[in-house]
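Going line by line, the protein sequences match chains U and C. Position one of the first sequence corresponds to residue 864 (our numbering), numbered consecutively onward. Position one of the second sequence corresponds to residue 2 (our numbering), numbered consecutively onward.
This list has only true hints and no planted wrong ones.
Within a straight-line C-alpha distance of at most 30 Å, the following computed DSSO-like cross-link-like pairs (lysine-lysine) qualify: (1) C:Lys71 x U:Lys1056; (2) U:Lys1059 x C:Lys69; (3) U:Lys1059 x C:Lys71; (4) U:Lys1056 x C:Lys69; (5) U:Lys1019 x C:Lys93.
Beta-carbon label-pair distances, calculated as ranges: (6) U:Phe1051 x C:Gly118: 21 to 29 Å; (7) U:Gly1050 x C:Ala296: 20 to 28 Å; (8) U:Asn1057 x C:Lys145: 50 to 58 Å; (9) C:Phe75 x U:Lys984: 58 to 66 Å; (10) C:Tyr303 x U:Met948: 53 to 61 Å; (11) U:Leu988 x C:Phe96: 53 to 61 Å; (12) C:Arg307 x U:Gly1050: 37 to 45 Å.
It is worth saying that the hints were derived from the structure and are not from the lab. Note that this is a predicted model, so its numbers are computed, not measured. Backbone N, C-alpha and C fix where the C-beta goes; we use that ideal spot for every residue, glycine too.
Read off the chains here:
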Amino acid sequence: MKKYFAEFTKGIIKENPTFVLALGLCPTLAVSVSLINGIGMGIAATFVLLGSNIIISLIKNFIPDRIRIPCFIVVIATFVTIAEMTMKAYSPVLDRALGIYVPLIVVNCIVLGRAEAFAQKSSVLNSLLDGLGMGVGFTLALLLISGIREFLGAGKLLGHGIFKGFEPVFVLGMPSGALLVIGLLLGFFNLLKNRKT
Amino acid sequence: MQNNFIVSTSPHIHTKESTSKIMWLVVLSLIPAGIAGIWIFGKSALWVIILGISAAVITEGVLQLLTKRKLTIFDGSAILTGLLLAYNLPPKVPFWLPIAGSFFAIAIGKQIFGGLGQNIFNPALVGRVFLMASWPKYMTAFTKPFDAITQATPLAALREGKILENISYLDLFLGKRGGCIGEVCILALLLGAAFLLIRGYISWHIPVTYIATTGIFVYVFAGKALFSGDWLFHILSGGLILGAFFMATDYVTSPLTRKGQIIFGIGCGILTAVIRLWGGYPEGVSYAILMMNAATPIIDRYTKNRVYGTR
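Looking at chain U on its own, in the form it has when it is part of the complex (with noise of 0.2 Å):
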């Protein structure tokens, strides 16, 4: 039980997509704008890593080695395909306020590389339990940094003006404001983990 439990942490914290693998780090950067878009990007992300580290490692045995990029490719672009629809359907104004980042999760690097590093040599419910935890990591990463951005850049959370008079710190809003907010987020959990060890 135990072990299956750190399957599913590891992607929170110790490999943490975005602090630790860095990977996925461009629609992080162009989503992050405001704290809706983060969860949109993260539940829809975690969504499809869910679902392309449970099929492939299901056909993992029938994958030949030689053409394996292409098929988790095909696996999780249907996976996209499903995440992008349904938002199409149920959510459309995230829908485009994400807009070429959905599609654009076929090619993250997250995905792929859990497929490639993970899924294709785990049992079904190890995959299951990392996708579900690198999902949340990247998730809840995005929060972080989608927060920040909103709050500082533009006085808000979900939408709300928190104060009154408050002057939004414009350049957070701005792609330079994403590089800058991710730089100094990674150097300080850098900063943790060397404290630690």
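With chain U fixed as given, assemble chain C onto it according to the hints.
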């Protein structure tokens, strides 16, 4: 005196100069421009300067205590950063603007990289560009000299296509125009710069090539026909003099060799003129210097002095 403080490759000679002494002398050389700014724009300019300097010093001290590094708040470098940042602000800004700018300049521009001597970019300019990108509304609200009425800077007015007939070159030279606190009075800036040049703390290479390049570029391209641009206006307005003498010459972020410094100055000059004439902002000095700061390591790599006895 002249040759005792050339930063260059070895062999070195030791003098009694110290970083701290140089920093304080640069602060001293900037005081005339500050006095002129306060005289022109009134008491609010003094507050901007005080807030900028104190925020810079406090940020430096707090961060050095937090990271358990040696406390160096009195070596003058933080004070110089705060002072330069304040000189780059309009005189009537909300009180938190210089504080936020100084905090960013010291924290992100300097201490993140490891403190004095490690930073890639000029911290004061990092602070200014941060403020410019975050609160452009306040950063472009300039006031008229000896008055509280808002007025565009000559460069901004030029950009909008207005013609400034009532501003003479003498007005520009003495600082009777809208602008940032420390950049308006060219006379005072030149006094400070002359002091630094005569004492040998800065060399002429960067400022002269910088200003000359901007002047020539503007002369060639800014007019209605080629070779008819108003070069004197462009040299005297904006932050060119302040930037060329006091910020482009920052030891940490400019090239080490003379050849490199000339390349650096020419690069700054071209970038400034290009931004002013065709860019999105009316003024380009800070962006030009920051961009050349980024190019400094590569300039240094290709302009190494030849080691004696080698090819």
